[in-house]
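Since chain E is already given, all that's left is putting chains G and S on it; use the hints.
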Amino acid sequence: MDLVNAPQAILRMEGISKRYQAVQALDRVDLTIHSGEIHALLGGNGAGKSTLLRILSGLTNPDEGKIIFEGNEIAVNHPSRAQQLGISMIHQELSIIPDLTVLENIFLGQQRVLTKSQKWTPWINRRDLAKRVRDLTQTFGISENELWAPAAGLGSLKKRSIEIVKALVSDPKILILDEPTSGLEEHEKELLFEQMRTLQHRGVALVWVTHHLDEIFGLAAKATIMRDGKTVQEVSLEGLTVEKLIAFMFGSEAASLINKVETAHGAEEDQNQNSPVSLEVQGLSRQGVLKNISLKLHEGEILGIAGLAGAGRSELVRAIIGVDAIDSGTIQVGGVTRKINHPKKAYELGLAMIPEDRKILGILSEFSIEQNVTLAKLKKVTKLGFINRQREGKISDSFVAQLMIKTPNLKEKIRNLSGGNQQKVILSRCLNADPNILIFDEPTQGIDISSKIEVHKVIRNLAKNGKSIVVIASELNELIGLSDRVLVLREGALVGEITNIPAKVSKDGFAAIEREILHASSKVSS
Amino acid sequence: MSEFRSKVSIASTRNRALMDPSFGVVALLALVVIVMSIFQPSFKTSGNATNIINAMMTVSFLAIGMTVVLISGGIDLSVGSTMALTAGVAGKFISYGMNMYVAFIFALIVGALVGLVNGLLITKLAIPDFIATLAMLGIGQGIMLYWTQGVPILGYMSTPYYYIGGLRKILGPISIPMIVLVVVALVVSILLKKTNLGLYFYAVGSSSVSTRNAGVHVGRIKIWAYVISGLLAGIAGIHIAGRTTTIPPLIGNGYEISAIAAAVIGGASLLGGRGRVVGALIGALTLTLTRNIINIVGIASSWQAIVIGCVLIGAVLANRASEMFGKRISERTEKLNKRKVSA
Amino acid sequence: MNIASRVTRVLSIEGVAILGAFVLMVLYFSFSSDSFFVADSIRYYVNEAAPIFLITAGLTYVIIAGGIDLSIGAVLGLSAGTSLTFSMWGWPTWASALIGIATGLLFGVINAAIITFFKVNDFIVTLGTLNIAGGLLTVLTDHKQLVGTSDKNFMAIAGTMVFGVTTGIVIAILAVVVLEFALLQSSYGRRVYATGIGRLPAFISGIDVDKVKFQAYVISGGMAGLGGVVLAAHLNSVQSGLAGGYELTAIAGAVLGGVSLSGGRGSIWRAVVGALFLATLKQGLQLLGVDPLIYQIITGLCILIGVVLDRSVYNLALRISGRNLERNHQATTELSSV
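Protein chains in written order, with our numbering: chain E, 1 to 526; chain G, 1 to 343; chain S, 1 to 338.
Just chain E, same shape as in the assembly:
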């Protein structure tokens, strides 16, 4: 690492500490960023990356430490200050304001920068602003019409594009990207990486937080690794492998473990097609969303569902589980036709879903781990209408052990857990309901590698024990690695099926399957 000849750092965070009540989130953390550099910020959940970003973007203040920007010591008290300095952020969670139009979302708070006027006027000239953002919005696939539509109605892919445009529009000096590729398709990721390279050449400093370690090679030159609130090391990514990186992040023991598990793709080979059908769907339709979808799910099978964002994957499973209504179609569970119009009914029939976006749909934040675990089948802990706390504790205990959930005690509120552990609690909740059919919608979203591997192991074990599994995953590596069979959706209709995915997929075989899925998923260009 040759810092002596490097240009002066545009940003230096030194000795940053932050404490939240009982937890030391950051402990004398250092971070150095140069202009024209793509700098990856890595670490498992709970490492403190988000807290550090919150401080840098002005959402919170550090207890100790200095922030030196362009040679001057500064305090970023408020996001507006960050903006003034030229620090922009693409948030992990969509920061879209639903009742405002797309255009308003883009320029909110940035009018002065956009119009480059020194005088402050109270008036908004929307047409003018639309003109100024036109190029950028077109690059990211936001049409002229969509600028004037309320942001609420758009899909999550569009919303992410809005986030990106919003961060770029102010011509920032430092751009922070917090998991920017989540929910993006391959070609969209490429587009984003291209933009990142362009910005880098223009001299912008990029701070990039991601769990996808494979993405950073070839793009980021340096990485700062954090663990348990401390800076572990700053490394140059030249000549580094993913394994070595993981070793830095989690320790060398973890790295070798992860390696072993990764290569042991779905152990035995099962001819699942001959097992009994546990779930069958015929002609499922919902106007504008699902078109006449039929599928069969077998016991012990892991069925993957692929497709672009908006293709209807989540909508399909939500319809099966009774969250959304359907216009027509039938569902048979274990051979018997059922009407599932409420998740309660689904649970009673032995179905369970681990939803996408656990923060909004999954966790009950104020509840403890125990209370979250038992919620889907309170019957198990209820006697004569009253809850037996001991039983609740025993049940939660067994799940904590079984799934290796890291927590000081069961009474901890779930919102204090890391993303990976929260996901495990939700999984416990589903398992506690004794389902035969489990649906996972993006099971490893926002989870660090070690927890990801654990979740995959659990899913495979469930299938081995005869449960029927449906998995939705945008990351094709994950999807192909888990699934025995993959259905491809496009615009609400079933357009392809890839059967007999072998347990150990060769690199070429993998690429072939990936190509097949991508081809079926994308629109046929006219």
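Keep in mind the hints are simulated off the structure, nothing from the lab. Beta carbons are placed, not taken as given, at the ideal position from N, Cα and C, and that holds for glycine. Just to be clear, a hint being listed does not mean it is correct.
Unchecked claim - No farther apart than 25 angstroms at their CA atoms in a straight line, the calculated lysine-lysine pairs in the BS3-like style are these:
| hint | chain 1 | residue 1 | chain 2 | residue 2 |
| --- | --- | --- | --- | --- |
| 1 | E | Lys131 | G | Lys193 |
| 2 | E | Lys244 | E | Lys296 |
| 3 | E | Lys345 | S | Lys211 |
| 4 | G | Lys169 | E | Lys159 |
| 5 | E | Lys344 | S | Lys119 |
| 6 | E | Lys359 | E | Lys452 |
| 7 | S | Lys211 | E | Lys379 |
| 8 | E | Lys339 | E | Lys291 |
| 9 | S | Lys211 | E | Lys380 |
| 10 | E | Lys452 | E | Lys244 |
| 11 | E | Lys131 | G | Lys194 |
| 12 | E | Lys345 | S | Lys119 |
| 13 | E | Lys189 | E | Lys159 |
| 14 | E | Lys339 | S | Lys211 |
| 15 | E | Lys383 | S | Lys119 |
Claimed, not checked - One side only, chain S facing chain E, incomplete, derived with CB under 10 angstroms:
| hint | residue |
| --- | --- |
| 16 | Lys152 |
| 17 | Gly196 |
| 18 | Ile197 |
| 19 | Ala202 |
Quick look at chains G and S alone, frame taken from chain E:
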């Protein structure tokens, strides 16, 4: 630009009207007006029409202020007592010998101050808005009661005030309050639609977290909303003092409920991010019309509350119905668009 | 060390602040006024407050489930009217009481049905039923005052002395205990909290959130009905506008007690202590001879201070207990990535 315009026209004027959030209420109102005009000749007179318009003034001012607060995601239960307080300030100061217009300015300042206090309690002390403005309602009422010692304020009227209060008209049926209302409605409307502050109100009400991320000082925006509400309560106070010519200390009692009802009937959402000045006026008109009809039809006053309650529930149901209807229309239009594009 | 950690543990119990404030207030009034801590005067205002405790208990269910019920005051008044009327017509006591409770339940069902079935805003709907119930009471009493059932048994509902307290208070205490126990220990109570914390995640976990809310509004209405019966028995007279404003006292009391208006947090005993605080405040001020015209100012200020204090004490306790945890080498909790 031109392709944008042609796409918009696919959502024809008819469809846009159907999708308007207040459509349900307006349709209901129109129906009622037609029915009343047929069956009750005394309803159709211009005298009655001016009655209705005069009666809706006070609530209109308060409803506009309430709409602004609701848009920003809050609620203001203190507007009734603030109105009474500002009326008291105007009346008392005039009766102490102060120039009427100067007294008006003091009244407006008091209104704005109450709004400022509300805003600070809510943003700096993080007191929930319901509670903070409820407490201010009590405090405001208490101040008014103590100041007047329970005795209504008299003896402040003057000829110009008769005009300002609307008891004397200036041109045919037109009175000064009507002009003031139109001006206020226009100003606030422009504020909401065309200025940064207006946009910030919607943004904060829609998602205060995302708005803060975007670099906006959410607290300041909320304070402004309450100050505007207080200011409008001040205008309402000046108006009502002139209209009723005496100010009993509890004159504001119940007006906050009417203001909220009017704003919500007009389409403002209690969750924030939505609302329009026109909606506030529609809501105020609905409430006033209801009372007017009750009087004309001769429903015993004891039944008034029941009718008003039913109107409230009916209005939100109508809004909900038109919302769902509008969704279906827009879905159908979308399908049409898709077919046209792919053809 | 031991004492300190015990103290902080007590402090971090939510609702401790309001209880502490209440005790302090009682002490203050007791020393400032001879007539405050006298059995008769306590009995007097506590009796007056019994109906409010009842509606506060029912209201807490609705608030924790994430809703609000503005109609409870008016429904209480109407129920008082209907039960007294039937008693005056010579119906047996139990029948009149049942009528009163049924009135409350009816309005609870109406609220519940409109709100959950049509998915319209609860603030406006309960405001509407507030007006309807109030209006019905006016019609019922015909602007006159309903006075005096001759049925001694009816009055005995609230009037009999049991262990030195009136039956009205006993009913209130029983109801509060039962409802609180159900809220904290039953599976229904768990579902109420879940619905209030997150409607969507609760729904996806298989909770029938509409049913939970429906039942909450019915409970609230039922309590208003019961409160009406107790009030009618206590006053033996009913007039238009009775119990107007009670709902605001109940809501303010609940919030003072730490029940969060956005749902998912709080419990009944705290809400009741908050309501008791406000009732005692009024009584104390009266006995101190404070000018009645400034009651509202003082009450308003107390509400503001109370809300701020409650949160500050809780946060302070958390910070202190947090440091203790760290010293005891508890395992570090991983933060969720925000």
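* Asked: Which earlier hints can't be squared with this structure?
  -> Hint check: 2, 4, 15, 16 fail, others pass.
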